[in-house]
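Visitor: Just so you know, the sequences run in chain order B and A. Numbering-wise, the numbering used here puts 34 at position 34 of the first sequence, and it's gapless, one number per residue. Numbering-wise, the numbering used here puts 83 at position 83 of the second sequence, and it's gapless, one number per residue.
Calculated directly from the structure, the hints in this document are not laboratory data. One should not assume that every hint holds.
To be verified - Facing chain A, from chain B, some residues (calculated, C-beta under 8 Å):
#1 22
#2 46
#3 107
Stated by the list, open to error - List of simulated lysine to any residue pairs, SDA-like, C-alpha gap at most 20 Å:
#4 B:49 <-> A:98
#5 B:58 <-> A:102
#6 B:68 <-> B:83
#7 B:106 <-> A:98
#8 B:68 <-> B:28
Said to hold, decoys possible - Far from chain A, some chain B residues (derived; all Cβ distances over 10 Å):
#9 44
#10 45
#11 72
#12 73
#13 83
#14 101
#15 110
Computed from a predicted model, the values in this text were never measured in an experiment. Built from N, CA and C at the ideal position, the CB exists for glycine as well.
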Amino acid sequence: AQSVTQLGSHVSVSEGALVLLRCNYSSSVPPYLFWYVQYPNQGLQLLLKYTTGATLVKGINGFEAEFKKSETSFHLTKPSAHMSDAAEYFCAVTPASGYSTLTFGKGTMLLVSP
Amino acid sequence: DAGVIQSPRHEVTEMGQEVTLRCKPISGHNSLFWYRQTMMRGLELLIYFNNNVPIDDSGMPEDRFSAKMPNASFSTLKIQPSEPRDSAVYFCASFGGGSDNEQFFGPGTRLTVL
Numbered sequence: 001a002q003s004v005t006q007l008g009s010h011v012s013v014s015e016g017a018l019v020l021l022r023c024n025y026s027s028s029v030p031p032y033l034f035w036y037v038q039y040p041n042q043g044l045q046l047l048l049k050y051t052t053g054a055t056l057v058k059g060i061n062g063f064e065a066e067f068k069k070s071e072t073s074f075h076l077t078k079p080s081a082h083m084s085d086a087a088e089y090f091c092a093v094t095p096a097s098g099y100s101t102l103t104f105g106k107g108t109m110l111l112v113s114p
Numbered sequence: 001d002a003g004v005i006q007s008p009r010h011e012v013t014e015m016g017q018e019v020t021l022r023c024k025p026i027s028g029h030n031s032l033f034w035y036r037q038t039m040m041r042g043l044e045l046l047i048y049f050n051n052n053v054p055i056d057d058s059g060m061p062e063d064r065f066s067a068k069m070p071n072a073s074f075s076t077l078k079i080q081p082s083e084p085r086d087s088a089v090y091f092c093a094s095f096g097g098g099s100d101n102e103q104f105f106g107p108g109t110r111l112t113v114l
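Let the sequences and hints guide you as you build the complete structure.
Guide: What follows is the structure, encoded as structure tokens:
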């Protein structure tokens, strides 16, 4: 079974500041990991994903995340926040082998102030 | 491709009425998922289909909820009778069988039961 913990239901940053959204997972098998973003009144959009290979993955809109197996983490970062980054962010996990559903975290709302 | 299509986008109904939500997955995708999103419980998987067959409906909250997928291009989620606690955003997502288990989400249906 898998689970995802996102630390902090809300994160506030100033425009231009570093964005760090935390995600820790639990999985009994090697995982695939995802970050989705949800803008107001919209569906979820894939931001980036880790499957195999390089542990530092780059996504859209300048976001990146690093898979750290020893820490069971997949934190999302962006060097400089933009007002348009204000949204809710979801981390998700699925087993790397075979087909399975995604297990989502509770989400973190990112607030960006001018 | 138009992506996952859901209708209606908004539904307001009165307690006790039947509600039907509709979803058209991405053409060629063989798996379809229904999720419910609320402030209290976050994103919950209700049911998913593979090749039009329900695989796991353990997330369906109670017998008032039912889902069907009569063909590869259409699915419905029905609530009968509806109750105020069913008010939520309902998302449909589809998956094309890729090795990474990435799901593509529709824009959601916002349901309000008065």
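Visitor: If a hint holds in the structure, say so; if it does not, say that too.
Guide: Outcome of the hint check:
no., hint, verdict
1, 22, "violated, 16 Å"
2, 46, "holds, 6 Å"
3, 107, "holds, 6 Å"
4, B:49 <-> A:98, "holds, 13 Å"
5, B:58 <-> A:102, "holds, 16 Å"
6, B:68 <-> B:83, "violated, 29 Å"
7, B:106 <-> A:98, "violated, 25 Å"
8, B:68 <-> B:28, "holds, 15 Å"
9, 44, "violated, 4 Å"
10, 45, "violated, 7 Å"
11, 72, "holds, 19 Å"
12, 73, "holds, 19 Å"
13, 83, "holds, 22 Å"
14, 101, "violated, 6 Å"
15, 110, "holds, 16 Å"
The structure fails to meet hints 1, 6, 7, 9, 10 and 14 from the earlier list, while all remaining hints are met.
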